Structure formats: C-alpha cells, structure tokens
Amino acid sequence: AQSVAQPEDQVNVAEGNPLTVKCTYSVSGNPYLFWYVQYPNRGLQFLLKYITGDNLVKGSYGFEAEFNKSQTSFHLKKPSALVSDSALYFCAVRDAGGSYIPTFGRGTSLIVHP
Amino acid sequence: GAVVSQHPSRVICKSGTSVKIECRSLDFQATTMFWYRQFPKQSLMLMATSNEGSKATYEQGVEKDKFLINHASLTLSTLTVTSAHPEDSSFYICSAPRAFNEKLFFGSGTQLSVL
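Heads up: the protein sequence lines correspond to chains A and B, in order. To convert, note that position 109 of the first sequence is 109 in the numbering used here; the numbers rise steadily by one, no gaps. To convert, note that position 108 of the second sequence is 108 in the numbering used here; the numbers rise steadily by one, no gaps.
Check each hint, because a few of them may be wrong.
Said to hold, decoys possible - Subject to a maximum C-alpha distance of 27 Å in a straight line, what follows is the list of computed DSSO-like cross-link-like pairs (lysine-lysine):
#1 77(A) / 41(B)
#2 55(B) / 66(B)
#3 49(A) / 41(B)
#4 20(B) / 55(B)
#5 49(A) / 77(A)
#6 41(B) / 22(A)
Don't read these hints as lab results, they were simulated from the structure. Because the structure is a prediction, the values reported are computed rather than measured.
All chains should be built: construct the whole structure from the sequences, respecting the hints.
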C-alpha cells in the first residue's frame, strides 16, 4: 500500500521569507514523488518530481524539494516566497514496483502575505 | 509541453439531466486517464481510471451507472454524470500520464452545479 501525508492544512509566510510545505510518504518499494500546485478553479500543474538520482530536486517557479529516505519525507521549499505563490499544493507518491496510480495528499494551502 | 484539454469549464444544469465532460490529450496518446472529484478546499478523490478500448476501473463507492466513463480513442475520455442531483455538484478534474513513469497532465477542471 502507498500513502502520503501533508500534516499542515495551511502554511502562512511573509513575502520574501523562505517557505516549507511538508510531505511524508509510505510505500513498500522505491517511491516516485511529485509536487503539484493548484490555483483557484483550475486543474493541477506539475512542479517537480523525484524518480531517482540527486536527493535535491529543482522544479518550476524556483521551487525545490529534498528527498529524505530515512525520514520518508519530500518537503517542498522555496528560498523567497512571492504573493503569487499563494495556492493549494499537493504531494503525490506512487510505488515504483506497485500501482501506477499515484496517491495524493490532502493538500496544503499556502498563503503568502505581502 | 503536453496538454490535456477539458471541456466544459463550467456547467449548470437542472436536477435529473445528464452532463457530459470531455477530456482530450492534445499532443500525446493517452491509453489511461484518471477522473477525480474535488470538493472545496479538499483533496482529489480518484473516481475511476479509464482505459482506452476497455471498461473503466471504478474506485470503491463510486457508482458506475451514475458516472459513465468512455475512453473510445487514445486522445479522448468522457465522463457522463447521469440523472444529476444537487449532491453531484462538484469540481471534476481529468488527468493523464504521457508515459508510464511520467508526471500527470491535468485538465483545467469542470465546475458542475446541479440546481
């Protein structure tokens, strides 16, 4: 079985400050990990993914995430938040040797204050 | 990049009518498409997986006779909400992977409001 947890419903950060959106996962085998962003009344947009290789993954719009196998985490980060980063963020996981259907976290609402 | 087009973006219908939502992969062939339902400020609930040329696989608790899915070609999957009721009002999103290990490409979603 595969699962993903986003422990925070909402993250608030001031513009210009660093941001972190947390994600932990559980899979039987090796994980494929993804971050997506959703703006109001829109579909999801891909930000970044970890399949294999470097633990630090860089993605769109200045976001990055670090794969930590020992902590089974894949936290999303950005050094300097923008008001336009305010959106709903979803972490997703699938087991490399299991189902091809990804499991999504419940989402974290990021609010960046001017 | 790959694009998934979903139509309509918004639909308002009367209770008892049927509504069809289309999801097209514009520049790649999608043998598999996923249909999700999303309530306000909540996560995605996978409803079903549609497979080109075969029957869709529905998640537990999703009525297959209520939510008809057809994947007649490699670029088109449709979701028909039959005899819609107000409780079916929701945001419906489709997605497709371009390849097996690929990220998902999402449609822009359909906001269904049943009066």
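*asked:* Check whether the Cα positions of residue 20(B) and residue 55(B) lie no farther apart than 27 Å.
replied: Given pair residue 20(B), residue 55(B) holds - Cα atoms ~17 Å apart, limit 27 Å.
*asked:* With the threshold set at 27 Å, check whether the alpha-carbon distance from residue 49(A) to residue 41(B) stays at or below it.
replied: 23 Å, holds
*asked:* Can you confirm whether the C-alpha distance between residue 41(B) and residue 22(A) stays at or below 27 Å?
replied: 17 Å, holds
*Taking 27 Å as the top limit, are the C-alpha atoms of residue 49(A) and residue 77(A) close enough?*
13 Å, holds
_Would the hint linking residue 55(B) and residue 66(B) be met if the CA-CA limit is 27 Å?_
Since the Cα atoms of residue 55(B) and residue 66(B) sit roughly 15 Å apart, the hinted pair holds (cutoff 27 Å).
*Given the hinted pair residue 77(A) and residue 41(B), is their alpha-carbon gap at most 27 Å?*
Roughly 21 Å separates the two Cα atoms, so the pair holds.
Checked against the numbered hints above, the structure breaks none of them.
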